[in-house]
Every structure is written in C-alpha cells, then in structure tokens.
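S.K.: Protein chains in written order, with the UniProt record's numbering: chain A, 1 to 407; chain B, 1 to 146.
For the record, the hints were derived by calculation from the structure and aren't laboratory data. Treat each hint with caution, since some may be false.
As the list claims (entries may be wrong) - In silico BS3-like cross-links for lysine-lysine, where the CA-CA straight-line distance does not exceed 30 angstroms: (1) Lys-397/A with Lys-20/B; (2) Lys-397/A with Lys-129/B; (3) Lys-207/A with Lys-238/A; (4) Lys-140/B with Lys-393/A; (5) Lys-207/A with Lys-397/A; (6) Lys-367/A with Lys-56/B; (7) Lys-393/A with Lys-82/B; (8) Lys-82/B with Lys-367/A; (9) Lys-82/B with Lys-56/B; (10) Lys-399/A with Lys-129/B; (11) Lys-367/A with Lys-20/B; (12) Lys-327/A with Lys-265/A; (13) Lys-399/A with Lys-82/B; (14) Lys-367/A with Lys-265/A; (15) Lys-123/B with Lys-51/B; (16) Lys-140/A with Lys-397/A; (17) Lys-190/A with Lys-162/A; (18) Lys-143/B with Lys-91/B; (19) Lys-265/A with Lys-305/A; (20) Lys-123/B with Lys-397/A.
Read off the chains here:
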Amino acid sequence: MNVQEVRKMFPILDQEVNGHPLVYLDSAATSQKPVQVIEAINDYYRRYNSNVHRGVHTLGTWATDGYEGAREKVRAFINASSTEEVIFTRGTTTAINLVASSYGRENVGPGDEIVITPMEHHSNIIPWQQVARTTGATLKYLPLQKDGSINLEDVENTVTDKTKIVSIMQVSNVLGAINPIKEITEIAHKHGAVMVVDGAQSTPHMKVDVKDLDCDFFAFSGHKMCGPTGIGVLYGKKALLEKMEPIEFGGEMIDFVGLQESTWKELPWKFEGGTPIIAGAIGLGAAIDFLQEIGLENIEAHEHKLGQYALSRLSEVEGVEVYGPQKRAGLVTFNCDDVHPHDVATVLDAEGVAVRAGHHCAQPLMKWLDVTATARASFYLYNTEEDVDAFVKALIKTKEYFGNVFG
Amino acid sequence: MSLGNQLDTLYRQVIMDHYKNPRNRGTLDGDTLSVNMNNPTCGDRIELQMKVEDGKVTDAKFNGEGCSISLSSASMMTQAVKGLEIDDALKLSEIFSSMMLGKEFDEGDFDLGDIEALQGVAKFPARIKCATLAWKAMEKGLKEKE
Chain A
1 MNVQEVRKMF
11 PILDQEVNGH
21 PLVYLDSAAT
31 SQKPVQVIEA
41 INDYYRRYNS
51 NVHRGVHTLG
61 TWATDGYEGA
71 REKVRAFINA
81 SSTEEVIFTR
91 GTTTAINLVA
101 SSYGRENVGP
111 GDEIVITPME
121 HHSNIIPWQQ
131 VARTTGATLK
141 YLPLQKDGSI
151 NLEDVENTVT
161 DKTKIVSIMQ
171 VSNVLGAINP
181 IKEITEIAHK
191 HGAVMVVDGA
201 QSTPHMKVDV
211 KDLDCDFFAF
221 SGHKMCGPTG
231 IGVLYGKKAL
241 LEKMEPIEFG
251 GEMIDFVGLQ
261 ESTWKELPWK
271 FEGGTPIIAG
281 AIGLGAAIDF
291 LQEIGLENIE
301 AHEHKLGQYA
311 LSRLSEVEGV
321 EVYGPQKRAG
331 LVTFNCDDVH
341 PHDVATVLDA
351 EGVAVRAGHH
361 CAQPLMKWLD
371 VTATARASFY
381 LYNTEEDVDA
391 FVKALIKTKE
401 YFGNVFG
Chain B
1 MSLGNQLDTL
11 YRQVIMDHYK
21 NPRNRGTLDG
31 DTLSVNMNNP
41 TCGDRIELQM
51 KVEDGKVTDA
61 KFNGEGCSIS
71 LSSASMMTQA
81 VKGLEIDDAL
91 KLSEIFSSMM
101 LGKEFDEGDF
111 DLGDIEALQG
121 VAKFPARIKC
131 ATLAWKAMEK
141 GLKEKE
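All chains should be built: construct the whole structure from the sequences, respecting the hints.
M.R.: So this is what it looks like as structure tokens:
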C-alpha cells in the first residue's frame, strides 16, 4: 500500500488549517472520504436519483439496483450468508437500538441478565439500560483488566444461564483494545445467550467475518469507513431476524395493509420503514469497493505500525500518560501533565493537528480510568509517520506553552 | 515561547492566573442556592453555590472539573456576581453571553474587570460552551429564585 497514492484520493487532506498542513487524527470520530465515494453519491443524484422498490420507470430500477447492489457488497464484505441478513440503518446507534427494542424487549424478562462492559460506547450502554428498566432484567458489567483488556475467565464467571444478551464492542474507541469476540461469543452461546457486537471501530480497520465470529448481531457505521454519514448496517442471523418485530412502521416495510391490521414485507425490508437512505447506501457500497481494492489486511498492518510508532514517540514525551493495552488498534488516548485535554486539543488545532478531546461518549469508562476527559489521536489508512511526528511535535509545544503560562 | 497571537488571545495571562489560582473555589455553609451543571458533550462539570439575601447575591463559591477556560470563567463569574442584585447579575450574564457570541455589547455601569480577558474565546467557537457553563449555572439558579 502506497500511502502517498492513497492520500491523493482524499481531496480534503490537501489543505492548510490555521496556517499549517492539515494533520487529521480524528478518524475514530469520522473518517475522511475518498473521491470514489464522493463521486458515487454525486453520480446518483446527478444521473439516477429516484425512489426504490416501487417505480416502474427506468430511474427507479437504476436506483433500486444501486441500493440493493450496495446491500450485496455489504453482505460479501462481512461474509453474511444472504442479503436478508443485512439491514440498512442510520448508523451503529440505530442498529443496536433496533436489537434492543425488538429482540431485547421480546426475549428478556424479570430476573434475566444483560452483560456488557464498562468500556462500551454510550450507544451500547443506554439501549440496554432501557431494556433492563422496562423488563426488570439486570444489567451486568464484565470486569476489566488493569490495562483495560478483557480476560476470558471473567467472561466465564460473569455470563450465567440467566444471561440472555451479551453485547460488546470489538474494538474500543478509547483504549484501542481488540476484544476476543469469537471466544466471548462461544461462552455466550454455551449459556443460551445471544451475542451482539458493536463493530463501529473494527469494521473500518480489519477484516470482519460474521460467520467466523458466529455472533448473532453485528452493528457498524458507514461514516467511519470512508462512507457517508447517515448510513449503517445491522447484520443479524436470519433465524433471529425472522422472529423479530419491526420497530418502525409505515411505507416500504409493509406487505398488505388493511383497515385494522397489516403484514410485513420479508427480510430485510420489514426493518426498513420509510424511504431508505439510498445515496448513503450507494456511498457505502463505493467505500467498500475502495477499502477492498486497497485490502483490509494492508490497512490493518499500516495502522498497527502507526499505533506502535505513536506509542513509542509518546513514551519519549515526559508527563504523557497513554491509556489502554499495548496490543491495540491504531489509536492513542492520552493525557498530558496538568493540561486539560480541551486545552491540548485547542493548541494542537492551532498547529493544524486535529484530535478529539472529551469523554468520547464513554463516561463509564472515564470513571473507570478515573479521569474526567482525555485526548485521542486516531489513525487511518491515509495517515503517515510524518503525521505522528507533527502530532508529537505539537504536543511538546503544548507542554511548553502551558509550562510557560503556568510558570 | 509562543504559538503566535491567535492562541495568546485565548490564553491570556489573567485567564491562566484564574485557572491556576481559582477564586471562590469551595463550598458555602448554611442556606444556599445550589446548581449543578455539566457540559454533556465534553464532561465539564460545575457545582455552584450562591447565598442570596434580600434579592442580592452576597456570596458565591464553586467546585468542578474542566479546562482552563471553563474553570477561569467560573472563578471570574463568582467574583463578579458577589454583591450584585439578582437583576443585575442576570444582566451581566446577558452581557457575557453577547461577548461570547462576538456581538456588540454595552457594559453600562458594570466594571467587567478580569472578565474582559475572556473576549478572545469568541474567536474559538468550539470553546464558547466551556466559558458559558458557570454563567448558565448562575442564571439558572437565580431565575429559579426569582
């Protein structure tokens, strides 16, 4: 993989911000988009914008082919058995909410347990809090190791026959931890629980095979993997999806509508009420083509190298604490002496370096880390070692700047 | 060393001084008006206590966590609000809000003092919410009292 060639495909990277070349290190929040994706969306709106699944006219057929073609791309990308198992949603949050509101409320009762971890994103905590609240179930948290990783023995000890749902992120957006989803799924299944995976931070960066993981549900977002915002995916095993009730009702999702009762379309459309996110799905399809052309294994190796390089560069800077395990995805979450992460991010921004500061939608994890906020630099296929160098250089300047104003 | 004028307009010496040595940090005893507020997008948090007697703010203290801008703003706000009638405190809050939005404002008879140092925040839209947190807490408390 030639990073300089890759960078040329991302027009946004070629600009100055605050008088410095842009160093974009916030891809875990949202990735940038290559021309292929921008053009695919543009092409849809310029040439064949139309509603899907209903028009007899030619544009309608083209739009339907584009939309359903994207579904097939997603299916192949995650190795689902059929497109019936691929539901388009607004993003990971909507996908998890769909599982919680439909499967969760139907299959969880008083005294049952739902198991998650303290490292989850809010979108994989609150839907389960709501299910627990309305069904009388208990929300249990897996303990974490000191470095934030998951020990399978703890999973064995936490998941019981009362557990109905286990829901865990594959890669942590804060710690960068890569969780042993396949092994956890096996334990969940042994106890008759279903396994839900938040794949928002893994799908963009590593090969995901839902059959190999054997998980029951898998959720991810398009915008973190070079696609547009507003599109995401819920994968679910067909046998489970077939028994689930839709949570949104209206156009698109119906088979027959009577005055008092209606019936639903078959999978996957029964879960896609209303005019779907057509341009978003087409854009996601283009993003998948793009990522596959470069190769997920190449992207993963590149990011791993950058992550390790960043760790070693940061270890040279006095007063910087990095959170999370050594074995990690391509991101570093850190704090720097007494300088508050917002102040770090503002000073870095003045140097053209874009990082995230705050609680990263993971307040329980911040509590677990015993911090109120952190800063995070996250890498993607278009980042280089020079980006890491610029980041570390700006961080040293930040320390000096605040050292001086404090001094 | 300096990262240039742009940052220096944000991180003025007087702001750093309030950050380093916050005024009125702590808790008040007795019958007080308490407001807890946080900024859910970034995790900043303030617990503000005010003593209001005969329609006048006679004392104010705060605790909390946050960045240099949010803590220094809380420090300055508690200083400024002490001794003001409720109406005047709310008026001052409006002036501060205009200042943050980069709008023209008339300070009238108020002596803004240190608060003027926060004017630079207006040029950093991502940080305005940091500066206004303590003021919003004060407004909320006093409006409920009214």
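S.K.: Take the hints in turn and mark each one as holding or not.
M.R.: To see whether the hints hold, each was checked on the structure:
no.	hint	in the structure
1	Lys-397/A with Lys-20/B	holds, 19 angstroms
2	Lys-397/A with Lys-129/B	holds, 25 angstroms
3	Lys-207/A with Lys-238/A	holds, 22 angstroms
4	Lys-140/B with Lys-393/A	violated, 42 angstroms
5	Lys-207/A with Lys-397/A	violated, 37 angstroms
6	Lys-367/A with Lys-56/B	violated, 38 angstroms
7	Lys-393/A with Lys-82/B	violated, 43 angstroms
8	Lys-82/B with Lys-367/A	violated, 34 angstroms
9	Lys-82/B with Lys-56/B	holds, 8 angstroms
10	Lys-399/A with Lys-129/B	holds, 24 angstroms
11	Lys-367/A with Lys-20/B	holds, 24 angstroms
12	Lys-327/A with Lys-265/A	violated, 45 angstroms
13	Lys-399/A with Lys-82/B	violated, 35 angstroms
14	Lys-367/A with Lys-265/A	violated, 44 angstroms
15	Lys-123/B with Lys-51/B	violated, 34 angstroms
16	Lys-140/A with Lys-397/A	violated, 43 angstroms
17	Lys-190/A with Lys-162/A	holds, 12 angstroms
18	Lys-143/B with Lys-91/B	holds, 12 angstroms
19	Lys-265/A with Lys-305/A	violated, 47 angstroms
20	Lys-123/B with Lys-397/A	holds, 21 angstroms
Of the numbered hints given earlier, the model fails hints 4, 5, 6, 7, 8, 12, 13, 14, 15, 16, 19; all others are met.
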